[in-house]
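Q: All chains should be modelled from the sequences, with the hints used to inform the complete structure.
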Amino acid sequence: MSTNPFYYDVIVAGFGGQGVLAIGNLLAYAAMKEGRHVTYLPTYGVEMRGGTANCTVVISSKEIGSPIVHRPHAVISMNLPSLLKYGVRVQPNGLLMVNSSLIDLKEVSRNDVDLLAIPVNDMAIENGNPRMANMIALGAFVEKTKLVEATSVFDSLEKVFDERHHSLIPSNIKAIQIGMEYVKALQK
Amino acid sequence: MELVFKRPECLKDVPFHFCPGCHHGIVHRLVAEAIDHFKIREKTIGVASVGCSVFMYDYFNIDVLEAPHGRASAVASGVKRAKKDAIVFTIQGDGDLGAIGIAEGIHTANRGENITLIFANNGIYGMTGGQMAPTTLLGQKTTTSPYGRDFTYDGYPIRMAEMMATLEGSAFVARVAVNNPSHLMKAKKAVRKAFQMQIEGMGFSFVEVLMSCPTNWGLPSLEANRRVEEEMIPYFPLGILKERKMADYL
Amino acid sequence: MDQDSEKILVRGNEAVAMGAIDAGCRLFFGYPITPQNEIPEYLSKHLPPLGGEFIQAESEIASINLLLGASATGARAMTSSSSPGISLMQEGISYMAGSELPVVIVNISRSGPGLGGISASQGDYFQATRGGGHGDYRTLVLAPSTVQEMYDLTYLAFDLADKYRNPTIVLGDALIGQMKEPLLRRKPEKMTLPQKDWALTGAKGRKPNRIKSLYLQEGELTEHNWKLYQKYERMKKEEIRFEMVHTDDAEFILVAFGSMARVSKTALELARNEKMKVGLFRPITLFPYPEKPLYDLSKQAKKFLTVELNTGQMVEDVRLSVHREAEVFFYGKPPGALPPPEEILEEIKKYYG
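Protein chains in written order, with our numbering: chain A, 1 to 188; chain B, 189 to 438; chain C, 439 to 791.
Calculated from the structure, these hints are not laboratory results. The model shown is predicted, which means the values in this text are computed figures rather than measured ones. Hints may be right or wrong, so weigh each one.
Calculated from the model, a selection of chain C residues having no Cβ within reach of chain A, i.e. all distances over 12 Å [said to hold, decoys possible]:
no., residue
1, LEU447
2, SER583
3, THR584
4, TYR667
5, LYS787
Only pairs whose alpha carbons sit at most 30 Å apart, straight line, appear in this in silico DSS-like list of lysine-lysine [stated by the list, open to error]:
no., chain 1, residue 1, chain 2, residue 2
6, A, LYS62, C, LYS445
7, C, LYS642, B, LYS194
8, A, LYS146, A, LYS159
9, B, LYS272, B, LYS329
10, C, LYS483, C, LYS634
11, C, LYS642, B, LYS272
12, B, LYS231, C, LYS741
13, C, LYS771, A, LYS85
14, C, LYS628, B, LYS227
15, C, LYS628, B, LYS381
16, B, LYS227, C, LYS634
17, A, LYS159, A, LYS106
18, B, LYS272, C, LYS634
19, B, LYS272, C, LYS628
We put the beta carbon where it would ideally sit given N, CA and C, even for glycine.
A: Okay, structure coming up:
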């Protein structure tokens with residue numbers, strides 16, 4: 001872990017069932033494993049029943065004040081409503097990641113941000129497991145930002161997932177790697 | 189000379205404050221005799237409810253906790269859950285159990301809490317000065333039913349024992365009276381049985397005692413006893429409504 | 439690896455449950471209500487294997503009275519709920535204050551009045567710090583602002599309850615309850631606590647104990663109330679807890695507790711970046727309220743801004759604390775979204791100059 005002051009925050013948003021909370025949870029857990037301060041703030045209760053889900057993750061080298069973030073460094077939007085709601089809040093020059101399987105890129109109104117479009121649902125289906133779209137997104141985000149080591153994310157899977165889902169860990173790792181490879185290929 | 193009558197060991201040597209002719213003192217004595225009989229004074233914890241029974245701690249020579257109005261059975265359950273080797277009982281009046289605390293009473297029975305609940309039913313609010321109770325009989329005049337209880341306004345007298353008996357969690361449910369020697373002997377047996385059920389870990393035991401309140405009924409003691417016989421018992425029939433056998437418990 | 443030295447990422451509500459278990463609490467009574475359900479859910483799973491008892495009662499009224507009964511035996515016991523449920527418990531809390539029973543009550547507060555909503559709110563400040571139920575009494579009130587504090591202060595609450603034979607409230611809110619942060623499950627130093635010779639355990643080899651709040655003899659109740667008062671005064675002397683951030687050279691003091699203190703901390707950093715000499719005062723005990731240290735600050739800083747997630751409750755205590763030594767401003771938000779730090783920065787700028 002670097003001793004330089006470090007601070008990064010991200011909002012992950014989509015609809016319920018897309019696994020956006022798992023993305024945030026894994027990011028926070030991996031960063032904690034690397035000795036960072038972290039906060040993970042999910043939506044809960046009635047808000048969840050509206051079908052939308054989002055969480056805010058803050059990662060810092062020092063104690064974190066506000067877990068609430070108005071202008072995040074990054075937004076990962078997994079569906080159109082979440083892009084419309086949170087896309088406008090990304091800091092200038094920040095990262096806006098969009099799930100281009102479900103979002104028409106014409107809807108992206110920002111041209112002052114780093115846009116990363118990735119068709120995570122299509123990729124998940126191509127790889128034989130439609131439920132892994134969120135892990136592909138996570139892999140892409142980790143590769144893009146280098147916020148945490150991939151191995152830290154892999155090690156966090158068994159902590160974040162309930163024991164009855166531990167048999168799925170290898171396929172989650174594979175999906176994260178697919179996301180990482182996609183971004184590596186883009187950067188070549 | 190043989191001693192044939194003495195104060196139970198777990199009653200203190202102080203006079204009861206109860207009104208002349210009131211049955212509360214008798215109920216206290218029945219409970220005390222049961223505790224003495226099983227030699228459990230040193231592990232019994234009583235829960236005082238709000239009403240004329242609140243001064244239990246002045247009379248019983250045992251550990252006593254006072255509950256908020258209506259909550260005695262919940263409080264007693266809390267005591268028992270925290271201290272499983274204790275014998276826990278409460279005496280609740282008709283307002284405490286039948287009105288303000290009916291939810292706590294029903295759910296205590298339904299959970300099968302291994303405690304003993306003595307339900308003191310005199311059909312009137314004694315402590316507050318003779319207002320209508322949930323068990324006040326139809327036509328009975330009280331300070332808040334001055335024209336007599338009318339079901340179109342006030343609903344009907346609640347039969348608590350019958351209600352308790354329907355719940356799977358109750359192990360022993362009886363209704364007794366203490367208005368004459370023959371009823372008194374049966375009441376004594378029922379109270380003892382209720383404690384025995386608890387000692388054996390059978391679950392919730394409940395004894396409803398039909399009681400007089402000469403002061404608030406405005407009747408001399410003997411006439412009050414007669415009223416129990418002639419007016420209360422026909423509406424609230426006596427007997428054992430439920431008795432769980434060890435076999436069907438296991 | 440030693441489990442206790444390893445950090446885990448948990449919700450504030452789970453940290454409360456873990457703190458209770460580690461403090462030796464083995465009895466829980468409660469009724470479900472959002473946003474605190476992770477507490478009973480966790481304890482319903484973990485108490486029975488430890489030989490403990492978990493009851494999902496029929497209501498908050500039953501819960502608080504089950505708690506009253508359990509604590510009278512000297513056992514460590516607790517309940518948790520959220521605002522509307524805590525309102526239902528006030529009767530029992532008053533009785534337990536009067537009967538001097540040591541219990542822990544956790545309020546993961548939500549918004550009101552009435553059914554209100556489930557968003558974070560600090561609208562229960564008055565209820566928690568002014569007694570809440572009938573009669574002249576106080577409860578100790580602890581206000582965590584991190585997940586670690588949810589654990590630490592729940593643990594402490596059991597010790598304080600036993601030390602004073604008094605109900606102790608942990609006042610969190612939906613934000614702190616639902617968010618996850620790293621938690622180190624370390625047990626604090628053990629307090630030396632009085633023997634529970636008052637407990638109801640059966641009158642074996644001793645005189646009967648009785649626990650009650652009814653006092654009808656002449657003069658008895660007056661004496662009882664004075665005794666309680668002395669206890670509250672002792673709390674004021676011995677239990678004040680607070681945190682100060684950048685107050686050394688501060689000319690302007692933010693005052694906030696719980697989740698609002700978190701947001702205020704970031705606002706403070708933003709203000710410092712703009713060279714404003716701002717400090718933060720965060721009460722950890724809401725009763726007893728840290729009046730003296732706040733008063734002392736008013737000798738150096740002449741402007742105070744109280745920030746709350748309500749329309750103005752704790753600000754009264756801030757005003758009482760600083761007397762007229764400083765100006766006290768207020769920024770509040772009714773229930774809904776919490777303000778981001780930038781919004782508080784704007785308020786600071788409004789009054790700073």
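Q: Which hint numbers doesn't this structure obey?
A: The structure breaks hints 1, 2, 3, 9, 12, 14, 15, 17; every other hint is satisfied.
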